[in-house]
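A.B. asks: Each chain, written out:
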Amino acid sequence: MSLDLIFYILGGLTIGTALMVVLSKHPVRSVLYLVLTFFLISANYVMMNAQFIAIVNIIVYAGAIMVLFLFVLMLLNLNKENEPKHSLWMTVGAMIAGGGLFLVLVAAMRDAILAAPMIDENSEKVGLVENLGQVLFTKYVLPFEVSSILFLAAMVGAVLLAKREKQTIE
Amino acid sequence: MIIKLIIVVALFAITLGIAAYLTLMERKVAAWMQDRIGPDRAGPFGLLQPLADGGKMFFKEDFRPTNADKWLFIIGPGIAMFTSLITGAVIPWAPAIQMATESIAIQVADVNIGILFIMGAVSIGVYGIMIGGWASNNKFALFGAIRASSQMISYELAMGVSVITIVMMTGSLSLNKIVDMQHGFWQDGWFSWNVFKQPICFVVFLITALAECNRAPFDLPECESELIGGYHTEYGAMKLGFFLFAEYVNMFISCAVISALFFGGYNFPGMDHFSGLTLTILGGLVFFAKTFFFIFVFMWIRWTLPRFRYDQLMHIGWKKMIPLALINLLITGVVIAYTEGWFSKNKDSESASNAKVEQPLGVNTSLEKTKTGNSL
Numbered sequence: 153m154s155l156d157l158i159f160y161i162l163g164g165l166t167i168g169t170a171l172m173v174v175l176s177k178h179p180v181r182s183v184l185y186l187v188l189t190f191f192l193i194s195a196n197y198v199m200m201n202a203q204f205i206a207i208v209n210i211i212v213y214a215g216a217i218m219v220l221f222l223f224v225l226m227l228l229n230l231n232k233e234n235e236p237k238h239s240l241w242m243t244v245g246a247m248i249a250g251g252g253l254f255l256v257l258v259a260a261m262r263d264a265i266l267a268a269p270m271i272d273e274n275s276e277k278v279g280l281v282e283n284l285g286q287v288l289f290t291k292y293v294l295p296f297e298v299s300s301i302l303f304l305a306a307m308v309g310a311v312l313l314a315k316r317e318k319q320t321i322e
Numbered sequence: 517m518i519i520k521l522i523i524v525v526a527l528f529a530i531t532l533g534i535a536a537y538l539t540l541m542e543r544k545v546a547a548w549m550q551d552r553i554g555p556d557r558a559g560p561f562g563l564l565q566p567l568a569d570g571g572k573m574f575f576k577e578d579f580r581p582t583n584a585d586k587w588l589f590i591i592g593p594g595i596a597m598f599t600s601l602i603t604g605a606v607i608p609w610a611p612a613i614q615m616a617t618e619s620i621a622i623q624v625a626d627v628n629i630g631i632l633f634i635m636g637a638v639s640i641g642v643y644g645i646m647i648g649g650w651a652s653n654n655k656f657a658l659f660g661a662i663r664a665s666s667q668m669i670s671y672e673l674a675m676g677v678s679v680i681t682i683v684m685m686t687g688s689l690s691l692n693k694i695v696d697m698q699h700g701f702w703q704d705g706w707f708s709w710n711v712f713k714q715p716i717c718f719v720v721f722l723i724t725a726l727a728e729c730n731r732a733p734f735d736l737p738e739c740e741s742e743l744i745g746g747y748h749t750e751y752g753a754m755k756l757g758f759f760l761f762a763e764y765v766n767m768f769i770s771c772a773v774i775s776a777l778f779f780g781g782y783n784f785p786g787m788d789h790f791s792g793l794t795l796t797i798l799g800g801l802v803f804f805a806k807t808f809f810f811i812f813v814f815m816w817i818r819w820t821l822p823r824f825r826y827d828q829l830m831h832i833g834w835k836k837m838i839p840l841a842l843i844n845l846l847i848t849g850v851v852i853a854y855t856e857g858w859f860s861k862n863k864d865s866e867s868a869s870n871a872k873v874e875q876p877l878g879v880n881t882s883l884e885k886t887k888t889g890n891s892l
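Taken in order, these protein sequences are the chains called A and B. When you read off a place in the first sequence, starting at 1, and then add 152, the result is the number in our numbering. When you read off a place in the second sequence, starting at 1, and then add 516, the result is the number in our numbering.
Mixed in with the good hints there might be a few duds.
Residues of chain A clear of chain B, computed beta-carbon distances all greater than 12 angstroms [said to hold, decoys possible]: (1) 155; (2) 241; (3) 242; (4) 249; (5) 254; (6) 258; (7) 317.
Every beta carbon over 10 angstroms from chain A, so not counted as near; a handful from chain B, in silico [what the hints assert, rightly or not]: (8) 528; (9) 546; (10) 572; (11) 638; (12) 639; (13) 665; (14) 716; (15) 801; (16) 817; (17) 828.
DSBU-like mimics (lysine-lysine), calculated; alpha carbons at most 30 angstroms apart, straight line [claimed, not checked]: (18) A:315 <-> B:836; (19) B:572 <-> B:586; (20) B:655 <-> A:315.
Since the hints were made in silico from the structure, they are not lab data. Predicted model only: the values in this text are computed from it and were never measured. The beta-carbon is built from N, C-alpha and C at its ideal position, and this holds for glycine as well.
So that you can see chain B by itself, here it is in the shape it has in the complex (with noise of 0.2 angstroms):
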């Protein structure tokens, strides 16, 4: 109970941590792709520099429009920054610490729906853009959240079906059992990770994800050019900030799914040669590596890519993302039912897959009733 409350604690202040120092990382990385400094007034390397940004924020002066709805105003932010931060409770963040009576996981939740999780979080996450947005009382707040939510769940659709393609080849919902099956790098003759198995997928989740975070190019939602700042344009002081500060939180988060789902998590090459509290670590810098590394993609991306139109916005996530990602789905379906066997004559493997059904409780005679119901 302590251990979880200590991991809950440190997930919390390093998830923070490292959102406030991505913003320094963002303007540094811009900086070096567009050759020049950035900051470097504040401490040495600018490294002060989200310090003094915070400071600013929280001593703005803190204005709501006349006309907004006051709540909903002030819950709107709250409700981003929250729903960003719940999704890292499902992570597996480094090999479980295998002591003399029990082994200790650095994941806050071991929920054997681990990734239904993350979805759920993600889908919930819209709303605080959305209530944000529809509160503030302002045509173009309004526009930026309705291009926010019909993004994320034009997305959303792509997003779960490349998930699922995950799923399939694993056999469980849990990020621990996942991140398991890629253990080591080399396994029967094959990269491990899942991104030599699935390349296809990688490259859906990686371009839903930019999407889900409306990263550029995929930044329609705040669009400048157009929208003044999107959803947030009446938002000032600390509420502002939760709204930017969630958005990094979620590009940490997204990023560390990634290299969970795709890129072995905590898994290195040559790991089975370390063990206990070293292989805990050295999987956790890993793990951070992977993600940092992401990161630095997802910067990249945005300063090299202009933004796109909405229309092509929609046009490539229903009719790019989401048959591309339904036709991956539907050729590992088919590889795996040929691997275990189902289209050849032996019926002894079809058997063991049949296995008799056990009657679960709970479901009791009135769905019996339902079901002549519904075949009449």
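The shape of chain A in the complex, shown without the other chains (with noise of 0.2 angstroms):
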């Protein structure tokens, strides 16, 4: 029962933060509570004994690439006055889009979560390094590694973006 009333707590303040993330007015804020919607998304992942993917995702997204995210927008230094413009149209148009994307995804979730119960009590080790490792390297071999080439692709455009052209000055 216990269990049920903390997955709806973490689940409430998940949401909170996500929100709090589209409905803050200061960009550097609002990637400060993306920041904490993903340690409570870690949270969620340890109700459901996946110790290793919730700390891989405080690594990787909370630790790495959140601060990269930061580091640009504090350089950036946005705030009211520069910020470009919207008209009325693109507004109305942002709104229509991304209430039929939220409408479409509760559509395609509603039945998801019906389905499944919230957390398999008996599912002690599937979260377990050893279980994912297995999983991953047998069963999802091809989707992983495919994923992997995906990632050196964009690690060599990187590469090749932030190479120096050559001077033709002289």
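Dock chain one against chain two, each of which comes alone in its own frame, and use the hints as you go.
C.D. replies: Given below as structure tokens:
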């Protein structure tokens, strides 16, 4: 029983901070709320006994990617004055598009949520590294390797873009 | 439950106490290296100096710049302190006490991802500095924050790779297992401590740990000669105290991690002659002795080497440390694969490692769909 209660509290907090990402006016605060959201998502992973995924989520997203986000935003120093102006039509269009996406997501998730129990209490070993590794390197080895090639390609692309062009002044 | 609570409170108090006295130790070591006396006014041998400093910090005016972001300015030092304190939770401080019915581990939480927990805490530690530096609304503080974050992200990679090497040697992410693997001092014809098995890995970890602690020669984020005080330029009173204090806590914890990962933690030569409570106490003392040795090494480095230039810092991180750690990882992997018999023609050993994978719970059919989608 108390497990369910914790789940609801965590879920509520996660949704709350996720909403604050969108609602807060200041970009830096938005990113900080996003970091908080990642932490709460990690807490949800821990509830599902997936400690490894939880900590990797923190290390990769909260610890590295979000720091880079914050980095860029702090350098840009965005504020109200230099915010690009949106026309009314763009606001309405964005609202319709976002609402449509939300509708599709809710429609897609509706059955999934009802079908599976929130927390599988027998699944003590789901999130352990050993099991995850076994599954990842046997059953799902192709998607895993394909995504790693994608990362490699992205890395090569980033290095290529950052490479200094040859000086042609003289 | 009660025992865990006692361990938590004791760890908290000990960490803070040690961090306070590390400030004195730092000044004494610096004085010794520069042929001075160091603080000797407050109490015998200046032993009350940390208390006097703490008292001074508390009673100074709590100043906040007008245009600073109020809440983030307050939260910054808090996050720095918090992240450095939680790291100690997964370190096994002494051998478990064997009672009649149960064994009591001298560790706050024996999680099976212990070493990753430390990496996670290290990676979020940068937020305190970043938020503090940005919220100060001062260009030098911002420069310091940006330097700190890029430095910490860069060195985290090499640190992670060197940790993976140790994890591969042990076959577990749990710090308890990593320390237990280094039992005693001599095992199977070689030293059992990881430093003798992985010396390159140890060097990489030591250097990256120095950089993660923002210690000289990697103290670019607070580089006085260029940035006044770096990220804590605008801070005063106990908020500044928290930043400085968090640094010493970080140093203590990272030295504890170094001695746990590479120098056998609480293991010592001839530990099999002891048992029970004696072993626990001796093991704990040995662990603290090793930790203090590394703290001394950190201070020694600080008062010996000059500060790097910023491009040199990035050069060392990306072009020296990461390739070194990766090559070391590769060699370790090949050696482990060889000793496990992956290259031998004998298929018997291979079938053991390819044991039938059980269908884990929680992997449902929706993942099946993603798989086919990706492979197309």
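A.B. asks: If we take the beta carbon of residue 638 of chain B, is the closest beta carbon in chain A still more than 10 angstroms away?
C.D. replies: The claim is violated: residue 638 of chain B sits with its nearest Cβ about 8 angstroms from chain A, within 10 angstroms.
A.B. asks: Looking at residue 716 of chain B again, its CB stays over 10 angstroms from all of chain A?
C.D. replies: holds, 23 angstroms
A.B. asks: Classify the label on residue 258 of chain A as holds or violated, using whether its beta-carbon is more than 12 angstroms from each beta-carbon of chain B.
C.D. replies: holds, 16 angstroms
A.B. asks: Hey, does residue 801 of chain B actually stay past 10 angstroms from chain A on C-beta?
C.D. replies: For residue 801 of chain B, whose nearest Cβ neighbour in chain A is about 31 angstroms away, the distance exceeds 10 angstroms, so it holds.
A.B. asks: When you look at the beta carbon of residue 241 of chain A, is every beta carbon of chain B farther off than 12 angstroms?
C.D. replies: holds, 34 angstroms
A.B. asks: Hinted pair, alpha-carbon criterion (30 angstroms max): residue 655 of chain B, residue 315 of chain A. Please report holds or violated.
C.D. replies: holds, 28 angstroms
A.B. asks: Verify this label for me: residue 254 of chain A is non-interface relative to chain B, using a Cβ-Cβ cutoff of 12 angstroms.
C.D. replies: Its Cβ never comes within 12 angstroms of chain B, the nearest being 20 angstroms, so this holds.
A.B. asks: Does residue 828 of chain B really sit off the interface, with its C-beta more than 10 angstroms from all C-beta atoms of chain A?
C.D. replies: holds, 19 angstroms
A.B. asks: Residue 572 of chain B clear of chain A by more than 10 angstroms, beta carbon to beta carbon?
C.D. replies: holds, 32 angstroms
A.B. asks: Is it the case that residue 317 of chain A keeps its Cβ farther than 12 angstroms from each residue Cβ in chain B?
C.D. replies: holds, 19 angstroms
A.B. asks: Once the closest CB in chain A is found, is it more than 10 angstroms from residue 639 of chain B?
C.D. replies: Given that some Cβ of chain A is not farther than 10 angstroms from that of residue 639 of chain B, nearest at about 3 angstroms, it is violated.
A.B. asks: Minimum C-beta separation from residue 546 of chain B to chain A exceeding 10 angstroms: can you confirm that?
C.D. replies: Given that every Cβ of chain A is farther than 10 angstroms from that of residue 546 of chain B, nearest at about 32 angstroms, it holds.
Violated hints for the displayed structure, listed by number in ascending order: 11, 12, 13.
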